[in-house]
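Which chain is which? The protein sequence lines are A and B, in order.
Residues in the first sequence are numbered from 207 upward in steps of one, following the numbering used here.
Residues in the second sequence are numbered from 594 upward in steps of one, following the numbering used here.
Where hints are given, some of them may not hold.
Unchecked claim - To be clear about the criterion: a stretch of chain B counts as covered by chain A if any three or more of its residues have a C-beta under 8 Å from a C-beta of chain A, and this derived list gives those stretches: (1) 632 to 642; (2) 645 to 656; (3) 667 to 677.
To be verified - With a cut-off of at most 20 Å between alpha-carbon atoms, the simulated EDC-like pairs for lysine to aspartate or glutamate come out as follows: (4) A/K657 / B/E712; (5) A/K661 / B/E712; (6) A/K810 / B/E677; (7) B/K695 / A/E848; (8) A/K547 / B/E712; (9) A/K657 / A/E505; (10) A/K815 / B/E676; (11) A/K810 / B/D681.
By construction, these hints were calculated from the structure, which means they are not laboratory data.
Predicted model only: the values in this text are computed from it and were never measured.
Just so it is clear, CB atoms sit at the ideal spot from N, CA and C, and this is done for glycine as well.
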Amino acid sequence: MVSSPEKSKSEVGRRNFLKTAVVAGAATTLPDEVSAADSPTQAIKSDAQTKRGLAAPSTEQMNMEASTPDQLAEASSEQLASSNSADTASSFGSDFMIDVMKSLDLDYVFSNPGSSFLGLHESITVYGGNSKPEFITCMHEESAAAMANGYYKAALKPAAIMCHGTVGLQHAAMNIYNAWCDRVPLIAILGNTIDAADRMGGTTWRHSAQDPAAMVRDFTKWDDQPASLQAFAESMVRGWKISTTPPMEPIALTVDSTLQEMKVDDRDGLAIPKFTPSEPPQGERGAVRETAGLLVDAESPVIIADRLARTPEGMSLLVELAELLNAPVIDIASRQNMPTKHYLNQTRQSGRLISQADLILGLEVTDFWGQINSVNRAEMTSEPRVKEGVKLITISVNDLYMKSNYQDFQRYAPVDISISGDAEATLPVLIEEVKEAMSRSRRRTLSQKEKMFRKMHADSFEESRQLAASGWNSSPVSTARMCMELYEQIKTEDWALVSVGASERFVSSWPHRLWDIDEHYRYLGIGAGGGVGYGLPAAVGAALANKELGRFSVNIQCDGDFMYANGALWTAAHHRIPLLTVMHNNRAYAQETMLVQGTANRRKRGVDKAPIGTVIQDPNIDYAKLAEGMGVWSAGPIEDPEDLRPALIDAVKVVKSGYPALVDVVTQMR
Amino acid sequence: MKITDLANTLTFLCLFGAKFAVAQDISIERGEQTYMRVGCYECHGTDGKGNEAGPPLTPDTLPPEAIANFVRFSPGRMPVYPEEILSDAEIADIVAYLESVKPSPDADSIDILRALVSEEN
Chain A
207 MVSSPEKSKS EVGRRNFLKT AVVAGAATTL PDEVSAADSP TQAIKSDAQT
257 KRGLAAPSTE QMNMEASTPD QLAEASSEQL ASSNSADTAS SFGSDFMIDV
307 MKSLDLDYVF SNPGSSFLGL HESITVYGGN SKPEFITCMH EESAAAMANG
357 YYKAALKPAA IMCHGTVGLQ HAAMNIYNAW CDRVPLIAIL GNTIDAADRM
407 GGTTWRHSAQ DPAAMVRDFT KWDDQPASLQ AFAESMVRGW KISTTPPMEP
457 IALTVDSTLQ EMKVDDRDGL AIPKFTPSEP PQGERGAVRE TAGLLVDAES
507 PVIIADRLAR TPEGMSLLVE LAELLNAPVI DIASRQNMPT KHYLNQTRQS
557 GRLISQADLI LGLEVTDFWG QINSVNRAEM TSEPRVKEGV KLITISVNDL
607 YMKSNYQDFQ RYAPVDISIS GDAEATLPVL IEEVKEAMSR SRRRTLSQKE
657 KMFRKMHADS FEESRQLAAS GWNSSPVSTA RMCMELYEQI KTEDWALVSV
707 GASERFVSSW PHRLWDIDEH YRYLGIGAGG GVGYGLPAAV GAALANKELG
757 RFSVNIQCDG DFMYANGALW TAAHHRIPLL TVMHNNRAYA QETMLVQGTA
807 NRRKRGVDKA PIGTVIQDPN IDYAKLAEGM GVWSAGPIED PEDLRPALID
857 AVKVVKSGYP ALVDVVTQMR
Chain B
594 MKITDLANTL TFLCLFGAKF AVAQDISIER GEQTYMRVGC YECHGTDGKG
644 NEAGPPLTPD TLPPEAIANF VRFSPGRMPV YPEEILSDAE IADIVAYLES
694 VKPSPDADSI DILRALVSEE N
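With the hints as extra help, turn the sequences into a complete structure.
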């Protein structure tokens with residue numbers, strides 16, 4: 207039975223709470239004043255704007271929303287509950303659900319409010335003190351899912367989203383799919399009213415389903431609709447475990463609104479199961495040993511890494527393996543696997559290296575077939591780009607879990623050795639076996655390759671550096687100029703490029719060509735499902751994680767992607783999430799312009815219509831104004847590349863003072 | 594006709610003969626318009642400076658005949674422009690435009706790019 211807090215405790219709590227509220231109020235107004243006085247940039251443009259954008263919060267808002275996590279922790283959940291309504295003596299089903307979430311150390315719930323999870327919403331903010339988890343206000347469920355995705359990749363810790371099991375989930379679905387394709391754990395909590403007798407009128411009916419998770423079952427790893435609180439606890443812990451075990455994937459938990467509202471008389475009768483993370487599966491030793499022997503004997507082995515580095519450890523292990531063998535690495539970089547400046551990072555030479563390789567080792571490569579074949583999309587033809595007799599070996603969790611309907615598992619790749627196991631977890635054994643198999647003389651022979659690879663790396667870097675100068679003064683601004691001016695301003699920070707949208711090729715891959723990406727967290731990959739509307743919210747989620755980790759978050763933002771989910775900027779402003787967004791504003795869905803162009807050329811019926819339906823012009827969108835309207839400091843549109851540097855310098859100051867900023871750069875298509 | 598147009602035209606006439614150019618036919622301005630209209634800019638940049646989607650076409654722009662040959666028959670990643678949709682005269686204009694584009698600065702004269710050299714070494 208949950209008793210109401212003791213009186214004395216509750217009084218102390220109330221006093222503390224009031225004190226906290228005062229501090230919180232001060233904290234709310236302070237940043238504006240400080241930044242206006244301290245930062246010339248705020249004084250230039252954003253003082254008035256910040257005040258306009260971040261409207262003075264109400265007392266309640268100050269109490270709840272603007273408090274720092276520490277202040278909120280101080281005002282503990284019981285204290286907060288005791289200062290509230292007369293109903294505080296009761297404990298609700300949703301309170302227990304929050305206890306379960308707290309037991310898992312869940313930091314954030316990304317959500318847009320909805321009536322099917324009112325109980326949970328109230329329990330998060332009131333019972334739970336809006337801390338662990340904190341409710342992050344999102345302007346679209348799709349954004350919520352992308353934020354949880356970005357958050358995971360930066361924090362390496364899952365987050366939850368919360369949405370209606372019907373319309374909310376429909377909105378969220380695309381970015382749940384992006385997370386699925388990206389092997390990212392995500393806990394989707396779906397509100398629903400299962401018992402028809404509990405549905406009060408039209409909307410409750412429209413927002414209920416027999417089986418909400420059916421909609422995303424093809425791209426979630428597991429789901430459940432628990433019928434009791436005890437079952438909820440077990441399913442939440444089980445789901446968390448399943449989601450975070452490689453292959454990591456989203457899971458969905460449908461949470462009945464009646465269960466959320468249920469009064470709990472016997473809280474002690476409910477148990478929260480202990481969560482023990484599963485050790486990731488390791489490749490079978492014999493196969494790993496055989497692989498090691500082949501690697502040591504190979505004359506021109508190539509390592510391809512895609513989602514190998516789940517953690518920074520993955521990067522260290524890959525460097526160790528590559529150095530042992532002096533084997534070049536091609537980093538597809540769905541996670542940052544290999545430091546860009548390492549001489550064995552030969553990604554730019556992939557075509558040549560793959561075609562000459564006598565052994566190719568794929569580490570968590572989703573599309574291995576696509577690496578060993580070249581395709582001509584227009585002609586719909588393909589041919590192998592490897593030489594005959596090449597040994598092909600893969601280590602991945604690809605075969606351990608997948609579903610049939612959505613085809614992101616890619617074309618079947620015939621290989622010689624296929625090791626089912628998490629590559630990061632398998633590398634220590636592989637390294638051990640390679641050391642074992644390597645004679646002194648072999649090591650000496652292999653070490654002679656170092657000079658050649660150093661030269662190849664340097665040549666390729668120099669080629670990129672020369673190319674970056676081409677169009678340096680162009681207007682629209684070249685993507686090289688935009689990326690390099692940006693890098694110049696952030697390189698002395700502990701920076702992280704948290705998003706480049708659906709493909710880094712949209713900015714001609716300049717970060718990977720010329721930036722010193724030396725840490726796992728400096729690059730988080732792309733929106734893996736290719737669904738547009740990932741970039742900005744994923745960046746905001748990652749920046750939220752980086753805020754606590756003290757990293758400076760940067761987002762290169764494509765304009766088309768921005769317009770899907772620009773409300774995420776407001777979330778960044780509202781939650782004071784420092785994030786520098788630089789718009790790659792080429793005023794087009796440029797990839798599509800090119801593809802339509804290719805189709806038109808092939809059909810020879812006119813080649814001047816490709817921009818119809820693919821450009822975002824007439825009128826041009828003023829992204830700086832949009833940002834300003836959401837309380838975000840902004841500059842642009844910048845057409846003269848000379849204006850870029852001063853704007854970025856100002857923007858960096860704003861971000862370092864704890865706020866988001868956006869610089870709109872009118873760019874070349876790529 | 595501008596002086597630069599005339600100079601370009603004379604160069605063409607000297608080098609490539611009548612198939613690609615008669616003096617009054619070549620125009621940098623029209624070349625730029627065609628370059629934009631048929632979508633070369635999408636992959637090669639508005640001033641032909643290139644990027645990952647298409648290599649730079651300037652400086653050292655190929656002669657019109659070589660460009661015509663490439664855009665009509667390229668077996669690679671570039672969409673082809675057969676003669677029916679891009680005439681020799683239009684290609685000559687495009688070449689004139691590309692040749693008129695101001696050259697980019699040298700990488701070593703750009704502070705940010707110069708700084709990368711010490712970083713790499």
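Outcome of the hint check:
1. 632 to 642: That given contact holds, which follows from 8 residues of the stretch 632 to 642 of chain B lying within Cβ reach (below 8 Å) of chain A.
2. 645 to 656: holds (count 3)
3. 667 to 677: holds (count 5)
4. A/K657 / B/E712: 18 Å, holds
5. A/K661 / B/E712: 15 Å, holds
6. A/K810 / B/E677: 8 Å, holds
7. B/K695 / A/E848: 17 Å, holds
8. A/K547 / B/E712: Judged against 20 Å, a Cα distance of about 9 Å means the pair holds.
9. A/K657 / A/E505: With Cα atoms ~16 Å apart, A/K657 and A/E505 stay inside 20 Å; holds.
10. A/K815 / B/E676: 18 Å, holds
11. A/K810 / B/D681: 16 Å, holds
Comparing the model with each earlier hint shows no violations; every hint is respected.
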